[in-house]
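Could you slot chain D onto chain B? The hints should help.
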Amino acid sequence: MTAMDLIVILPELILVVAGCLALVVEPYLKKDKTAAVTIVATALVASGAVAFGLAGETRAAFGNMVVLNDYAVFFKVLFAVAGVITVLMSPRYLAAYDRHLGEYYALLLFAIVGMDIMAAARDLMAFYVGLELMAVSSYLLAGFFRYHARSNEAALKYFLTGAFASAITLYGLSLVYGFAGATNYQQIGQALQATGNTTAIALATALVVVGTGFKVSMAPFHMWTPDVYQGAPTPVAGFFSVGPKAAGFSAILMLFLTVLDVSRSTWSILFIVLAVLTMAVGNLFALAQKNIKRMLAYSSIAHVGYLAAGLGALGRADDDLAGQAILLYLAAYTFMNLGAFAILACLKTQDPAGHGYTLAEFAGLARRAPWAAVLMSLFMFSLTGIPGTAGFIGKFYLFNAVVRADLAWLAVLAVIFSAVSAYYYLRVIMYMFFREPEREYVPREAIGGPLAAALALCAAGVIFIGLLPGSLWDAAVSSFGNFFG
Amino acid sequence: MINPTVDLVIQFGLMFAIGAVLALALMAVSHRLAPTSRNPNKGQPYECGVLPQEDSRLPFNVHFYLVAVLFVLFDLEAVFMYPWALALRSIGLLGLVEMLIFIFILLVGYFYAWKKGVLEWE
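The listed protein sequences correspond, in order, to chains B and D. To convert, note that position 447 of the first sequence is 447 in our numbering; the numbers rise steadily by one, no gaps. Plus 485 on top of the position in the second sequence (first one is 1) and you've got our numbering.
So here's chain B without its partners, still in its complex pose (with noise of 0.2 Å):
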């Protein structure tokens, strides 16, 4: 090592010490913790900064395990986004249940540190360890209310399922380095391209593509998904939904293209199979669901299903169009996700023994609570894929790349299921518009706090990214091509 390597790592570093601190300090706080949460805010905007600064700057560290480069920074800045706006969504939420901690902020920062190693991981090794430390975290924040049963229901199954997606992936990786007799993902990509596609490359290939893809909910290994989300507190769920899932995504990308590239073939094929399953499963159940909560659990898997065409279609392309396309739809869906979940957290807060997030008690939101049925109506057109959303500027990037990939008929099949899911997204805004409420509801305080700076965030990425993608695609565009600092 040396200290020039630590510029590698400098937003993670930053992340670290101010979870540490973070923890030094709660002992400390009564009832207010406000200065956890500043701390935790402020080295959040600090890492996002740092990674936003560092972009062009191409280095590898650590005897090539961690590289900066463009498609790390990326990643880092998205995942210190996302992180904000689930900071500023939590205090009233926790606060309503009285689980207002600090470590619940520090175990946030710690899972981010790890998914930024998954992004700038090279190294199997590098990329294991971002992986768990992602994991552990996440199991931990699902359980946070350990006093509900729900709460713990969601931490053990999210630990199980994660358990056993973690010994799969590497049951795979581990006949991967077998055959590679390396662990840096450069020479065991040139060590595969020796040998060629051979069956027990492609059993390796099969594994890793299960264990990832139990990782980031694909059917039909996305069962934990809806009673996880359900289960854990919904920011964290919020935060599940979008940050895990990148981190996942970022860390397939990296595993198929540079790892696994000699088995293209076998694995397109895999994510194609994948993504009709996930996109048919995703959306068919979604339909069925009262809780919208549980909704968007499904919701999430249907994205991941076109996530996965998008996959699909970069192994059988020769450029890159489809990985680029997938950095924007994440970026995209980072937003329109989390706002939604935001959404949810404000009804929560505002009732925090009465509300269900069942669709009934939407009916009449909009006289109720006009400002959180107007932010909703946008997250749940941006999910759906109107235009001058982000989620169409998504979908529409995605759906081209899997079109020039020769796969049109998948990327028919992912419009049709894109129309399935308007039934359900718009189903919420004719409630909050056009239902009248079953009950009398006690007028609530209003949105306000950083809950509001938080709604403030998703809404105004959903629209600039709807309205004006450019710089955010030229960032994708230049962030996926040289994947070795």
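Simulated from the structure, these hints should not be mistaken for lab results. Predicted model, so just to flag it, every value in this text is computed and none were measured. Where is the CB? At the ideal position from N, CA and C, for every residue including glycine. You may find that some hints are simply not true.
[Stated by the list, open to error] Pairs of lysine to aspartate or glutamate, EDC-like flavour, derived with a Cα cap of 16 Å:
hint, chain 1, residue 1, chain 2, residue 2
1, B, Lys-31, B, Glu-103
2, B, Lys-157, B, Asp-227
3, D, Lys-600, B, Glu-103
4, D, Lys-601, B, Glu-103
5, B, Lys-30, B, Asp-98
6, B, Lys-290, B, Glu-361
7, B, Lys-31, B, Asp-98
8, B, Lys-290, B, Asp-227
9, D, Lys-601, B, Glu-26
10, B, Lys-30, B, Glu-103
11, D, Lys-600, B, Glu-26
[As the list claims (entries may be wrong)] Computed from the model, here is a short list of chain D residues facing chain B with C-beta under 10 Å:
hint, residue
12, Val-491
13, Phe-589
14, Phe-596
15, Lys-600
Just chain D now, with coordinates in the frame of chain B:
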């Protein structure tokens, strides 16, 4: 001459098949051949000659777990220090600083546990 891909499929198939058959066969053999004598005493939990007094699944004070986790943490720290001490000459000052950072991070955790009252028994 067999196609090498098919050959590998056969090899893997054989490996899984032999593994499965072997496991099942061994279980079947021991099930068949082992002499069985049924006796109600064999269903009793074994406790060194004395009859069991109560259920062994008692609720423990959660403090035991916390102290045990702390112990494992510092145990592992010591494990990491042996190879580090052997390699210290070649990794130099930066190696020393790295280990100090590692210990400092553990100390933060220790401090946190201490302040949260893990070490207080009442």
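Given hint D:Val-491 near chain B, where the shortest CB pair must fall under 10 Å:
holds, 8 Å
Given D:Lys-600 as an interface hint, is the shortest Cβ-Cβ distance to chain B below 10 Å?
At 4 Å from the nearest chain B Cβ, D:Lys-600 passes the 10 Å test, so the hint holds.
Has the given pair, B:Lys-290 with B:Glu-361, been kept, meaning a C-alpha gap of at most 16 Å?
Judged against 16 Å, a Cα distance of about 10 Å means the pair holds.
Are the Cα atoms of B:Lys-30 and B:Asp-98 separated by 16 Å or less?
Roughly 12 Å separates the two Cα atoms, so the pair holds.
Pairwise hint evaluation, B:Asp-227 against B:Lys-157, where the allowed Cα distance is 16 Å at most
holds, 8 Å
Satisfaction of hint between B:Glu-26 and D:Lys-600, Cα-Cα up to 16 Å:
Since the Cα atoms of D:Lys-600 and B:Glu-26 sit roughly 9 Å apart, the hinted pair holds (cutoff 16 Å).
Verify the proposed pairing of D:Lys-601 with B:Glu-26, using a straight-line Cα cut of 16 Å.
holds, 9 Å
Restraint status (C-alpha distance of B:Lys-30 to B:Glu-103 at most 16 Å):
Roughly 13 Å separates the two Cα atoms, so the pair holds.
Holds or violated: D:Phe-596 as interface residue toward chain B, Cβ cutoff 10 Å?
holds, 6 Å
Are the Cα positions of D:Lys-600 and B:Glu-103 separated by 16 Å at most?
holds, 13 Å
Please work out if B:Lys-31 and B:Glu-103 have their alpha carbons no farther apart than 16 Å.
holds, 14 Å
Agreement of D:Lys-601 and B:Glu-103 with the hint, judged by alpha carbon distance not exceeding 16 Å
holds, 11 Å
Of the numbered hints listed earlier, not one is contradicted by the structure.
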